[in-house]
Amino acid sequence: MNQNRPGPLQYAVLALLAIVFLYPIWWAVSSSLKPAADIITDPLSIGALTLDNYRAMFADVPIGTGFANTALVLVVRGAMTMFFCPLAGYAFAKYDFPGKNALFGVVLLTLMLPTLVLIIPLLLEMSALGWVNTYRALILPGSIDAFSIFWMRQTIAAIPDELIDAGRVDGAGEFGIFARVVLPVIRPGLAALAVLTTMNVYNDFVWPVVAVNDTSHQTLQVVLSTLAQNITGNRIGADFATVWGELLAAGSVAMLPLLVIFVLLQRHFINGILAGSVKG
Amino acid sequence: MRSFRLSPYLFIAPFFVVFAAFGLYPLSYALQLSFMRWRGAGEAHWVGAGNYLYLLTSPDFWASLGNSAVMWLLIVPVQVVAGLGGAVLLANARLRLRALFRVAFIAPFVTPLVAMAQVWIVVFDQDHGLVNHLLGLAGLPGVEWLTSTAWAKPTLALLFLWKTTGFAIIILLAGLQAVPGGVYEAAALDGASRWRQFWSITVPLVRRSTAFLVVVQTLAVFQMFAEPFVVTEGGPYGSTTTAGLYLYKHITASDLGTGAANSFLLVLLVFGLSLVSVRLLRAKDGT
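For the protein sequence lines, the chains are A and B, in the order given. FYI, in our numbering the residues of the first sequence are 1 to 280. FYI, in our numbering the residues of the second sequence are 1001 to 1287.
I should point out that these hints are in silico values taken from the structure, not numbers from a laboratory. In this text, a Cβ means the ideal position worked out from N, Cα and C, and glycines have one as well. Careful: at least some of the hints might be erroneous.
[Said to hold, decoys possible] Among the chain A residues that face chain B by a calculated CB cut under 7 Å, a handful are:
hint, residue
1, G7
2, S45
3, P121
[As the list claims (entries may be wrong)] Computed from the model, here is a short list of chain B residues facing chain A with C-beta under 7 Å:
hint, residue
4, P1008
5, V1018
6, F1101
7, I1170
8, V1230
9, L1268
10, L1269
[Stated by the list, open to error] Simulated restraints on C-beta separations:
hint, chain 1, residue 1, chain 2, residue 2, range
11, A, Q10, B, P1077, 18 to 28 Å
12, A, L49, B, D1127, 52 to 62 Å
13, B, D1127, A, V106, 45 to 55 Å
14, A, R136, B, G1139, 55 to 65 Å
15, B, F1271, A, R55, 42 to 52 Å
16, B, H1045, A, L22, 52 to 62 Å
17, A, L49, B, A1020, 27 to 37 Å
For reference, chain A alone in the conformation it holds in the complex:
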């Protein structure tokens, strides 16, 4: 781009944009710390701070269960993605075998499959298997996804063949080369994959809402949406303000983990997003 020194106007516009992007997050978190009645009577004030909304929310909403379920799904699905996707990517990047192009074509085709087309038949499949309301239903579909394989193939293709041949000369087995030569080299790519997978699984909503309806298996996002429905359901209730307070407290608690990860690892987040654009 053109390299003139940016003027004050450019900084002013950028700062204004940054405020627009950050204000809703700030408003939600700061309001959740106010007495519930103040959220309604004076949405701009930041006066007395209180944890009352959080206390009420933890008492009323099974948010701990939601976190535990999301964590379980995240760990198992994350482990599968982080192991199987680089492994497949390695095969597609560094081996020649009959049918390779056709098989990789299938991987690319599945990238274009909208989630929605699978929801109904997948739900029927789960009920035929007796898997509705199980962790299996939340974990297995999509656990080894085409995009991650494609991306890992691009990453691994950049490794020089000599490095892999050297591993072979040292007598390592095919899997040994993957584990001891390939994986360590692609560590930055793996970090970005981990971050992106975390974001996707953590925020996943459509499938968990369909596949699970008992409270004990609901993921965090489903727990949150149930709370929202309770609110729109009794808008005229006497404790209107209290419900809003709980809602904002629950939202803030749900936002926190990813925002912290994001601030710490923002470089990997952005790399993940950019890798996503490569497929275009």
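Since the structure of chain A is provided, determine the placement of chain B on it from the hints.
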């Protein structure tokens, strides 16, 4: 060296097992189901193209597509312009605090959609919400953001834009940074104005990133689900029943054959729109 030939197949097998079980099988099953009348229990009846004909003559189906089309118009052009503007502002290598601005713009993308949808309910509430409060301070009347058919769609579109425009900025910024700086210097030497440089160099060179953005967001807008599901439940008067939410309603109504047919119609539409978008963006290449 027997293991040498087998290894790559073993390495890619897990994906194909998972895809066959949870992709290919449900897909072929959905195709059959789309030609049947089945309410989730009891006998299934073969109805041929019946479900498709029903949908294609149903006002609700067309209304859901219309709602999504309006959402698309409210979101995608705005996002391309805002994304490009943000990317141009950030692209200057001499910009200070660049990393900080990038983090600020991407932060909404990282927040859970359901949590922010709840914040939207509170912020845009017509009686006690922040936005109407601010309008009141400015002496303006409040707006029925989520309860009027005129405003519900723009209010949801705003949520979508707020959440994903940072993503657009980063994608377009990557496209911009692939432009070698020397190109601009040469153009400036030839006497091209800043505006001319923007239209003749920047815009053509980010066309690929723009095409990617348009396709990805077209897919996302027509599958939009959580926003109307959480914030408006498809109302008021069905005005925010997007294509994605309408599809979901077949599940709650146990009308699974129609739902399957609906999802295939939606896929065809989304593919068609993506192809058209790519074509349109390519066609301009000649300029």
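Here's how the hints hold up against the structure:
Hint on A/G7 is violated. Least Cβ distance to chain B is approximately 10 Å, over the 7 Å limit. The restraint placing A/S45 at the interface with chain B is violated, with a minimum CB-CB distance near 11 Å, outside the 7 Å limit. Contact between A/P121 and chain B, as hinted, is supported at the beta carbon level, the nearest pair being about 4 Å apart and thus within 7 Å. Evaluation of the B/P1008 hint against chain A yields a held restraint, the C-beta minimum of about 4 Å falling below 7 Å.
With its C-beta approaching chain A no nearer than about 5 Å, B/V1018 sits inside the 7 Å limit, and its interface hint holds. About 5 Å separates the beta-carbon of B/F1101 from the nearest beta-carbon of chain A, less than 7 Å, and the hint is met. Taking 7 Å as the C-beta contact cut-off toward chain A, the hint placing B/I1170 at the interface holds, the least distance being around 5 Å. Given the 7 Å rule on beta carbons, the hint for B/V1230 holds: about 5 Å separates it from the nearest Cβ of chain A.
Given the 7 Å rule on beta carbons, the hint for B/L1268 is violated: about 10 Å separates it from the nearest Cβ of chain A. At a threshold of 7 Å, the smallest CB-CB gap from B/L1269 to chain A is about 10 Å, leaving the interface hint violated. Between A/Q10 and B/P1077 the Cβ separation comes to about 24 Å, which falls inside the hinted range of 18 to 28 Å. For A/L49 paired with B/D1127, a C-beta distance near 25 Å fails the hint of 52 to 62 Å.
B/D1127 and A/V106 have their C-beta atoms about 54 Å apart, which keeps the hinted 45 to 55 Å range intact. The hinted window of 55 to 65 Å between A/R136 and B/G1139 holds, with their beta carbons roughly 58 Å apart. One distance hint, 42 to 52 Å for the beta-carbon pair B/F1271 and A/R55, holds here, with the actual separation near 50 Å. Between B/H1045 and A/L22 the beta carbon distance is about 55 Å. The supplied range of 52 to 62 Å therefore holds.
Between A/L49 and B/A1020 the beta carbon distance is about 54 Å. The supplied range of 27 to 37 Å is therefore violated.
In summary, the structure is inconsistent with hints 1, 2, 9, 10, 12, 17 from the numbered list given earlier, while agreeing with the others.
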